[in-house]
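Fit chain B to the given chain A structure using the hints.
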Amino acid sequence: MILLKNLRLTFSPSSGGLPILDIEDWAVAKGESVALLGESGSGKTTLLNVLGGLRVADSGVAEVAGKDLVRLSEAERDRHRACHIGFLFQSHHLLEGFSAKENVQLGATFAGRSPDPNRAERLLCSLGLGDRLNYQPSELSVGQKSRVALARALINSPAVLLADEPTGSLDPARALQALEVILSCSRDEGVSVVCATHDPGVADAMDSSVSMDDLR
Amino acid sequence: MKVGRLITRNIRRRPIAGFLTALSVALGVALFLCVWEVRRAGEAGFQRTAGVCNLLIGAKGSPLELTLSSLYYMGRSPGNVPFRCFPEIQSTAGVQWAAPLALGDSYRGHRVVGTTDTLFSRVDIGLGPGLSFSQGEAFSFSDSDLIHAHADLTRDGHDHDHASHGSLFRAVLGSEAAKATGLVVGDSFYPAHGVADTGKTHEDAETKVVGILRSTGTPLDRVIFVPAGAYYAMEGHASDSDREGGARDPRGLSAILVGAKPGYYSLQIFSSWNSRLDAQVVRPADEIQRLFVLVGGLDRALWAVALLVLVVAIAGVAVALSNTMSSRSREFALLRALGASRATILRLVSGEAALIAGFGGMLGVALAEGGLAVGAGVLQDRTGIMVSPSFGAQEVSLVLGVAVVGSVAGLIPAWRAYRSQAADKLEEVA
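Protein chains in written order, with the numbering used here: chain A, 1 to 216; chain B, 1001 to 1430.
Think of the hints as simulated: they come from the structure by calculation, not from any bench.
None of these values were measured; they are calculated from a predicted model.
A couple of the hints might just be wrong.
Using 20 Å as the maximum straight-line C-alpha spacing, the simulated EDC-like pairs for lysine to aspartate or glutamate come out as follows [what the hints assert, rightly or not]:
#1 A/K5 to A/D213
#2 B/K1002 to A/E121
#3 B/K1425 to A/E96
#4 B/K1002 to A/D213
#5 A/K30 to A/D58
#6 A/K30 to A/D68
This is chain A alone, in the form it adopts within the complex:
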């Protein structure tokens, strides 16, 4: 589902031409969940952005959900991302002025296909937010926001879910619940999950884990 070969990304000139990513060979199978470990600034988020097509590698292959993102045009990458890749951010990035349900529906806006109108509601209910559908982000707790963001990432039934510290702002009970949802997607729907985390508990729950130091 994910295949990286001889992938190289260099930030220049501020980084002095040093490679941020230099990955010889790395793969994540369909339905596999992988924890991405490493210190802050080690390039975890950058790798997630490369896997999501928001940043393009200088060279190599970055095949995600059947397409080599390095060789796609920007418009094709945008479409591919909208349809097959879900993003989950540590800081949630919910839009103010949109209800919880609308924030989830926003995830389906750019996929170019008619979404199931009830899927947003079902996802939110499965995450324990059935009574918060019409709440504004400002009316939700941090944990609730995190779950809304998770529902948004899953709205298009993505082939790949890229999560950046998904449980970082949750209490242990809620973190467990969110992790369970992510892992059930991986197990039941064959979603490949790459999860950047500092949390050993999250890493243990994943099928495997890899350190950024090992990847580079």
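Okay, now just chain B, sitting in the frame of chain A:
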């Protein structure tokens, strides 16, 4: 969720900022539209009035002065034309009608003009020959009555006995004159001597109102018409030199409105009468055109100011949106992560600018039309310009034009959003 809905939601998220930006556009549009409407109505009114007759005969002097004094009742008349010109022009080939004008009196600031009933039956303000009445009817005083009255005056050689001409003292009021003076059919008044407020009234010329004209949107609305015979019968008119413009011939006429067959006849009359020494003939439409050329610079300056205000207001939309771009960079990064293309981000921002500008445009049209509707009466009373606020194709085009220009102005902040790197923003936050 469609992109259009995203745009409206974004605006609703910042309602006060959005409204204030739209309001600035609205004020610009309203000013622009008011200038446009007043200018259009003024020009239309002037041209409609110039079309009252295709030729105008008066004393030698400035053609524009003659036109303004005889058709617009502005300024002073260049003087009197000999009375003989009236029967002469009537019998000239190609002349369909001729209506005399005797200027020089007033009532509460409204000109009192001596004429014949031809004026009411033949003058065309673009609705066909003749003027219609809201109350009463025209006084009965024909062209031949005037010729006889003038012959009597010439034979007797002095002012007439007023008592014997009591039946002459009838008046027809223009709509504005009636409204301003409060006179209705059946009321009486005493005209004052001169067009300025001299305090000298014709005490022995009690004049009864017999008709009130419907509004024409021309200076005719501000005038009080009396039979020209009554004019001559008023004390002093046939003998002194108080007639407006100074009397070369106190028993003459201030002007003659002429309806001539267009083409050859009109040209013939124009050239033959202008070779005379005692009168001139002018084409009012040409004179008004000349007037517009004279005041064209001022007109263009007014346009330029109105346009500038509009441009500044629309530029304000771009400035207002630009100010939000930094705080919205995370929002755009998120939308990009969700699959929005750069072009979609561009559409979102420029669409937002278009919507704010378009809403401002609609608000501006409403403000202008509402303002003109409320102020139409005052404007007409003070300037004679008759505006008729309406929402039509021009206003729709203006709103659409403002929205399009707004979206183009919005491309400046949109370009910033377009060029921003979503990954940078997301990594920065992470």
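Cross-check of the supplied hints:
1. A/K5 to A/D213: Holds - the C-alpha atoms of A/D213 and A/K5 are around 16 Å apart, at most 20 Å.
2. B/K1002 to A/E121: holds, 18 Å
3. B/K1425 to A/E96: At roughly 18 Å apart (the allowed maximum being 20 Å), A/E96 and B/K1425 satisfy the hint.
4. B/K1002 to A/D213: violated, 42 Å
5. A/K30 to A/D58: The hint is violated at about 26 Å.
6. A/K30 to A/D68: Since the Cα atoms of A/K30 and A/D68 sit roughly 16 Å apart, the hinted pair holds (cutoff 20 Å).
Of the numbered hints stated above, those contradicted by the structure are hints 4 and 5, listed in ascending order.
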